[in-house]
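**Q** Each chain, letter by letter, is given below.
Protein chains: 2
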Amino acid sequence: MKKITLGIVSAIVLGLFFTGCTEEKKEEKVQVAEKKTYTIKLAMTWPSNFPVFGDAVINFKNMAESMSDGRLTVRIDSKNKHKSPFGIFDMVKAGQYQMGHSASYYWKGKVPNTLYFTTMPFGMTASEQFAWFYYDDGMKLMDKVYAPHNLYSFPGGNTGNQMGGWFQKEINSLDDLKGLKMRIPGFAGEVVSKLGVNVTNIAPGELYTALDRGTIDALEWVGPSLDLRMGFHKVAPYYYTGWHEPATELQFLINRKFMDKLPADLQEIIKVAMKTASYDMLTQTNHESGKNWATMKKEFPNIQVKTFPESVMTAIKKANDDLLVEKAAKDPLAKEILDSQANYIKQIRPWTLLSDYSYLKSLEEK
Amino acid sequence: MKKITLGIVSAIVLGLFFTGCTEEKKEEKVQVAEKKTYTIKLAMTWPSNFPVFGDAVINFKNMAESMSDGRLTVRIDSKNKHKSPFGIFDMVKAGQYQMGHSASYYWKGKVPNTLYFTTMPFGMTASEQFAWFYYDDGMKLMDKVYAPHNLYSFPGGNTGNQMGGWFQKEINSLDDLKGLKMRIPGFAGEVVSKLGVNVTNIAPGELYTALDRGTIDALEWVGPSLDLRMGFHKVAPYYYTGWHEPATELQFLINRKFMDKLPADLQEIIKVAMKTASYDMLTQTNHESGKNWATMKKEFPNIQVKTFPESVMTAIKKANDDLLVEKAAKDPLAKEILDSQANYIKQIRPWTLLSDYSYLKSLEEK
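Protein sequences, first through last, are from chains R and S.
Per my numbering: the first sequence = residues 2 to 367.
Per my numbering: the second sequence = residues 2 to 367.
One or more of the hints may lead you astray.
[What the hints assert, rightly or not] Per label pair, the in silico range of CB-to-CB distance:
(1) Asp340/R to Glu365/S: 18 to 26 angstroms
(2) Asp340/R to Gln305/S: 26 to 34 angstroms
(3) Ser174/R to Asn173/S: 40 to 48 angstroms
(4) Lys299/S to Gly197/R: 38 to 46 angstroms
(5) Phe301/R to Leu175/S: 38 to 46 angstroms
(6) Glu300/S to Gln305/R: 41 to 49 angstroms
(7) Leu334/S to Lys258/R: 49 to 57 angstroms
(8) Gln305/R to Asp323/S: 30 to 38 angstroms
(9) Gly232/S to Glu171/R: 47 to 55 angstroms
(10) Pro186/R to Pro333/S: 45 to 53 angstroms
(11) Gln305/R to Glu365/S: 15 to 23 angstroms
(12) Glu300/S to Asp176/R: 43 to 51 angstroms
Worth flagging that the hints you see were computed from the coordinates, not collected in a lab.
In this text, all values refer to a predicted model and were calculated from it rather than measured experimentally.
Note that the Cβ used here is the ideal one computed from N, Cα and C, for glycine as well.
For reference, chain R alone in the conformation it holds in the complex:
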């Protein structure tokens, strides 16, 4: 049976009504009976047609629109349109956009504690982090950070474990990090700069040439799901396994006043659509990474997968821990969040190692 929308129903009711009623009452009734619709303008940090990240936004839009039977319309503006990829926080806060899609750690210069809700070096894996968000204190703590800014923040799609990056030379000791010119933004950049890495920032469009010509010695991007199209495997032979972004979770931002005024069913539709889009993005990332990694290895069978040696990992981990201690000492909320994450890892990691990890290990040994 086709659904009869309320719009049609109203028309029929009004039609019958005017068979025998006065004109005067028309306006009052239309006002009450008409189906209220909402347009959500959503600004994202990414360019148009950006795979995986952009797909998560389209996935959200499609679910929200179909589930609400058109009562919600989502209009997506890419950075090509709004020209302000790192202005999403402010634009949604001010209500210029009702929603945004970005990543929490981009706002650490503005609101330092936003840093902790994307991923942390040596931190939780994606499945651990989802458990922290939804079944431990993650969502509550994120809300504590965003509520004062008239914003809700929700998980917006996970990239899974990001690769450590593409390197021109092998890293055999701490000495090899000294003076290494590397594109590695954010907190991970702070960490390795403590060990002498010369952290540089280069626009995405220029990365390939920079790596090819030796302007930089190394870079990190995402993983096979997005690295393939960048072509880095053609110009750098070493692909390092990840440590710095084990579970990068993107973010949906919503203007709090806008959300709170929506009917309860539409609020729930938005929440569930965001949650599913976030989970789906992790699934899609794994799928695309599997496919793209197979392609890379076929095209360039000499790509060498490497893991930093133990001495380097230990030093990076120490630099990371020291920085976190500094941050916790400066701000009680930072301490609360970092303690919550550390305690959660302590609780869940033994299970992580007992389940998929032991299973995969037992198959590898064969």
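Take the given structure of chain R and dock chain S to it, following the hints.
**A** This is chain S only, laid out in the frame that chain R set:
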């Protein structure tokens, strides 16, 4: 603004209407204007208040009801009510229930190819299997198996990697499997019986006593999330890592004729609510397993975690492969499904090993 429901709107419209209209038209209008609601009776295989599995069903119900603003009502019957835990397939097919919550591999006696949509020994991990379902051929193939039975089947919640089980004695060689009395149902039971295991079936309520008194030597249940309350850790010292159910995915069943007649927005609400409930259950399982495993180790610090030795793993894997070859030879659709799974593992497993696995390994080595 509080949402004004259509029910209230109709009342207001009708109220105005009757100010100046004839009684005769009342019935016609009410019929058109009234909001159509649907009650979904859902039968589940599990008892009332069954943790995690049952929570997935409640999670689905809550999302479906709130997102539809009450146009959907989900009434859950546990096996305590309908008394037919393994009759779900037939009851939903016949329309006695509109939905069911169970596991696909329970129907292998009736429809052999349903076996492949829960988990397979030595098969995909949960994240790999979600990718196979949603971004490769999994959903299409599942539909091929269920459509002839007037059913839709959807993923209904993942338990993650299930533990290999609780053992009274260590398994050091294939000889230790010979004559071993073990509760291990389903396809995995078929596999180990090829190696001389004496597979027994015992009702869940009697398992603890059977293991304690030596009626059986070993059993598998789920993992810490559900094993803790069963108390097995109190009576058996060895906890083996998993191989036989790396990603047990439960199942929502829907009567196809019922679903197809629903308005498109309600169909989408049901689909998204099922998908989210399924993903959420994996997250909840990981959370509960982490918590419960910590409790178990605290209460019984002498629990010994073991993995079958290589010789045993190799023999089990071979018995498993032989059985799959037999099944593929007998049925072209079985072959199509098994080939699709094998090819998908070949594509995605290298990425699985490169991402979380390498990350966890690099931390373990420290």
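**Q** Could you run down the list of hints and mark each one as holding or not?
**A** Going down the list of hints, with the structure as the test:
1. Asp340/R to Glu365/S: 18 to 26 angstroms: For Glu365/S against Asp340/R, whose Cβ atoms are near 23 angstroms apart, the range 18 to 26 angstroms holds.
2. Asp340/R to Gln305/S: 26 to 34 angstroms: With a Cβ separation near 32 angstroms, Asp340/R and Gln305/S satisfy 26 to 34 angstroms, so the hint holds.
3. Ser174/R to Asn173/S: 40 to 48 angstroms: 41 angstroms, holds
4. Lys299/S to Gly197/R: 38 to 46 angstroms: 43 angstroms, holds
5. Phe301/R to Leu175/S: 38 to 46 angstroms: Holds, since Phe301/R and Leu175/S (Cβ atoms, about 42 angstroms apart) stay within the stated range.
6. Glu300/S to Gln305/R: 41 to 49 angstroms: 46 angstroms, holds
7. Leu334/S to Lys258/R: 49 to 57 angstroms: About 54 angstroms separates the Cβ atoms of Leu334/S and Lys258/R, which means 49 to 57 angstroms holds.
8. Gln305/R to Asp323/S: 30 to 38 angstroms: For Gln305/R and Asp323/S the Cβ distance comes to about 37 angstroms; the hint holds.
9. Gly232/S to Glu171/R: 47 to 55 angstroms: Hint holds: Cβ distance 52 angstroms, inside 47 to 55 angstroms.
10. Pro186/R to Pro333/S: 45 to 53 angstroms: 52 angstroms, holds
11. Gln305/R to Glu365/S: 15 to 23 angstroms: 22 angstroms, holds
12. Glu300/S to Asp176/R: 43 to 51 angstroms: 48 angstroms, holds
When the structure is compared with the earlier hints, no violation turns up for any of them.
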